[in-house]
Amino acid sequence: MSFWEEFISYLIQGWITTLEILAVCIPLSILLGLGLAVARVYGNRLISLIAGGFVALLRGLPLVVTLLIVFFALPKLGIFFPPFWAAVIAFVMCSGAYQSEYVRGAIRSIDIGQSLAAQSLGMTKLQEVVHIILPQAFRRALPGITNEIIYLILYSSLAYLVGVQELFAVAKHFNSLQFRPIEIFSTTALIYAFMATIATLAFRKIEVKLRIPGLEIT
Amino acid sequence: MVTVWDYLPYILEGVWWTLGLVGGGLLLGFAIGLPLAVAQVYGNRILKGLVEVYAWFFRSVPLLVLLFLFYWGIFPALGYKLDPLTCSILVLGFRSGGYQSQIFRGAMQSISEGQFIAARTLGMSNSQAIRHIILPQTLRIAIPGWANEYAIILKDSAICFVLGVMEILTRTRYVVMATLEPLLPYFIAGGLFILLTYGGTKLVNIVYEKTRIPGLIGRM
Chain A
1 MSFWEEFISY LIQGWITTLE ILAVCIPLSI LLGLGLAVAR VYGNRLISLI AGGFVALLRG
61 LPLVVTLLIV FFALPKLGIF FPPFWAAVIA FVMCSGAYQS EYVRGAIRSI DIGQSLAAQS
121 LGMTKLQEVV HIILPQAFRR ALPGITNEII YLILYSSLAY LVGVQELFAV AKHFNSLQFR
181 PIEIFSTTAL IYAFMATIAT LAFRKIEVKL RIPGLEIT
Chain B
1 MVTVWDYLPY ILEGVWWTLG LVGGGLLLGF AIGLPLAVAQ VYGNRILKGL VEVYAWFFRS
61 VPLLVLLFLF YWGIFPALGY KLDPLTCSIL VLGFRSGGYQ SQIFRGAMQS ISEGQFIAAR
121 TLGMSNSQAI RHIILPQTLR IAIPGWANEY AIILKDSAIC FVLGVMEILT RTRYVVMATL
181 EPLLPYFIAG GLFILLTYGG TKLVNIVYEK TRIPGLIGRM
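The listed protein sequences derive, respectively, from chains A and B. The first sequence begins at 1 in the numbering used here and counts up by one. The second sequence begins at 1 in the numbering used here and counts up by one.
Hints in this document: simulated from the structure, not taken from any laboratory. The model shown is predicted, which means the values in this text are computed figures rather than measured ones. Watch out, some of these pointers could steer you wrong.
[Said to hold, decoys possible] A short list of chain A residues far from chain B (calculated; beta carbon distances all over 10 angstroms):
id	residue
1	Arg45
2	Thr66
3	Leu154
4	Ala193
[Stated by the list, open to error] If you want a taste of the chain B side facing chain A, the calculated C-beta under 10 angstroms gives, among others:
id	residue
5	Val2
6	Trp5
7	Ser60
8	Phe68
9	Gly73
10	Ala77
11	Tyr80
12	Lys81
13	Met124
14	Asp156
15	Ser157
16	Phe161
17	Tyr186
18	Gly190
19	Leu196
Cβ coordinates follow ideal geometry from the N, Cα and C atoms, glycine included.
The shape of chain B in the complex, shown without the other chains:
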């Protein structure tokens, strides 16, 4: 007689897939969100408008719809046949880029304008001022918002089971089907997600405290 506990290693293996989705999504979101934030704060009017439309779209459409739109519609139409994992990471990343651009924009705008002016007075170019003065502060201030984004993307990654990515929830559902026992597998999955949510958030907050510069405003 096979019990749910025999499947525990199988479910646990899904943690790596979930972390892959989260890590990939967060990194891609960072790579998209940071330049977008710079464009929104320092760009010209057209650039600002484009960033706003991007952030609006990806923040106002359900992840479920985005996954189906890209997996069945946009990527195949562009000639890419992506596997579910890659497609999910890309969609999570595009979407997180929209959210992260707003986190970084908020952080950037909380830095007083005098900093930028002072950097320019010292003879730095625009891009030097942004790279050496504004961004190092922005990233530190943005860490708490980022911890939040981690928790959000972690929980959203579970939705990727609709494409059959072998993350925690997909495996849990297979176990439910195999054992016809719904209670325990879902509780195990729930427990794993709670552990990952609070564990990860704690970790990011430790990084925040470690990188904090005393006297810098970034107390959020």
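So here's chain A without its partners, still in its complex pose:
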């Protein structure tokens, strides 16, 4: 097999793993972001304090350190995750924390009249948040969320540190066999750039699809 044939077949295996990581992490991190934001804005003092502390902690720690703690330090406390799930947990916690900041800002930016109107229609607090506040807040937070998803795609390469055979890991392994770093790592770089660009375009499409005329941020 030629260098490129072998390289491509390697890369594809890793790429699939990367896509698996992202397929799990993207929806979960968005859910966590929404949950944390709601907890901080609508929770009682204890809940909002816990959620706020969680966000501050995760935003202050480098993702590498979070990942290494989840995989290498938590087993000491009897909490064990296989590599793939350790990576997923670290990525979701980190990205969710960052995303929640955008969602929280968006919730805060929604006119109080919306909330009053929902209450006067007899909605419960839960109904109000789920049906009135969050659909608007999510749309407003979407550009920020998109940014975080792009970061998530790039930082998914850190999963190699705990032994997940994702895109960067296979590239690095292949380089140790062939030692042609320029071809190998620049191809890898372009694949990541490709994924990031596709994600940017896709989320822009979603933004346009979800847009409600007249609701634009003023």
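Based on these hints, arrange chain B on the given structure of chain A.
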């Protein structure tokens, strides 16, 4: 019996290396990002295109891949055999240049066009107008974005442990291996990073308030 606490000074020494990575990366990123931003806003079409490609590339490739690409591939191919610290600073700087160019571009574009036109009417040349009127405002407006960039590059600097730069995380991992005690060293490292993140961000915000010109739009 050697405990983790005996290694504390050893880990703390890594703070200087981390700050070296961050300081070097931020400065190089500034030296690259500011001219790129000027080129993107005031340059001709070719210049704009080149800046866009540069910013796109460095903002869409993981730091991990860039570090390996430059350390094992590009620098050796160009005939430079760089030590891990220098290579890491350069890569962090190139990448930060891409991010900072976007921060400065945003700040520059938030300044009303009338300012530039007024400067030209007063007889200033293009470059005088940019240097004396646009840039002083741009830099002030960009400070909050810059604080953000500091926090990002600080946390990314930890990734440079893959090349063996003796920063906080590398040392932490050595301590874990020496003591076979993973919990405490990682918590110490985490605590140091949190302290540096929030401490540094606070410092930059003080600079922002100090240099703020009342009435200038830069409220972000």
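Do the hints match the structure? See the list:
For Arg45(A), the condition that its CB be more than 10 angstroms from all CB atoms of chain B holds, with the nearest at approximately 22 angstroms. Separation of Thr66(A) from chain B is inadequate, the least Cβ-Cβ distance of about 8 angstroms not exceeding the 10 angstroms criterion. Listed as a non-interface residue, Leu154(A) fails to keep its Cβ farther than 10 angstroms from every Cβ of chain B; the least gap is roughly 4 angstroms. Its closest Cβ contact with chain B, about 4 angstroms, brings Ala193(A) to no more than 10 angstroms, contrary to its assignment away from the interface.
With a cut of 10 angstroms, the hint placing Val2(B) at the interface with chain A is violated, because the nearest CB-to-CB distance is about 18 angstroms. A least Cβ separation of about 17 angstroms between Trp5(B) and chain A goes past the 10 angstroms threshold, and the interface hint is therefore violated. Hint status for Ser60(B) relative to chain A: holds, with the closest Cβ pair at about 4 angstroms, below 10 angstroms. Using the Cβ-Cβ criterion of 10 angstroms, the hint placing Phe68(B) at the interface with chain A is satisfied: the shortest such distance is roughly 5 angstroms.
Below 10 angstroms, beta-carbon pairs count as interface contacts, and Gly73(B) has one with chain A at about 4 angstroms; its hint therefore holds. The closest approach between the C-beta of Ala77(B) and any C-beta of chain A is roughly 6 angstroms, which is under the 10 angstroms cut-off, so the hint is satisfied. Against a cut-off of 10 angstroms between C-beta atoms, the interface hint on Tyr80(B) is violated, since the closest Cβ of chain A lies about 14 angstroms away. With a least beta-carbon distance of about 14 angstroms to chain A, the hint placing Lys81(B) at the interface is violated under the 10 angstroms criterion.
A cut of 10 angstroms between beta carbons decides the hint on Met124(B): the least distance to chain A is about 36 angstroms, and the hint is violated. About 7 angstroms separates the beta-carbon of Asp156(B) from the nearest beta-carbon of chain A, less than 10 angstroms, and the hint is met. Look at Ser157(B): its Cβ gets to within about 8 angstroms of chain A, closer than 10 angstroms, so that hint holds up. With a cut of 10 angstroms, the hint placing Phe161(B) at the interface with chain A holds, because the nearest CB-to-CB distance is about 7 angstroms.
With a least beta-carbon distance of about 5 angstroms to chain A, the hint placing Tyr186(B) at the interface is held under the 10 angstroms criterion. The restraint placing Gly190(B) at the interface with chain A holds, with a minimum CB-CB distance near 5 angstroms, inside the 10 angstroms limit. A hinted interface residue such as Leu196(B) counts as satisfied when its beta carbon comes closer than 10 angstroms to some beta carbon of chain A; here the least separation is about 9 angstroms, so the hint holds.
Taken one by one, the earlier hints fail for this structure at numbers 2, 3, 4, 5, 6, 11, 12 and 13, listed in ascending order.
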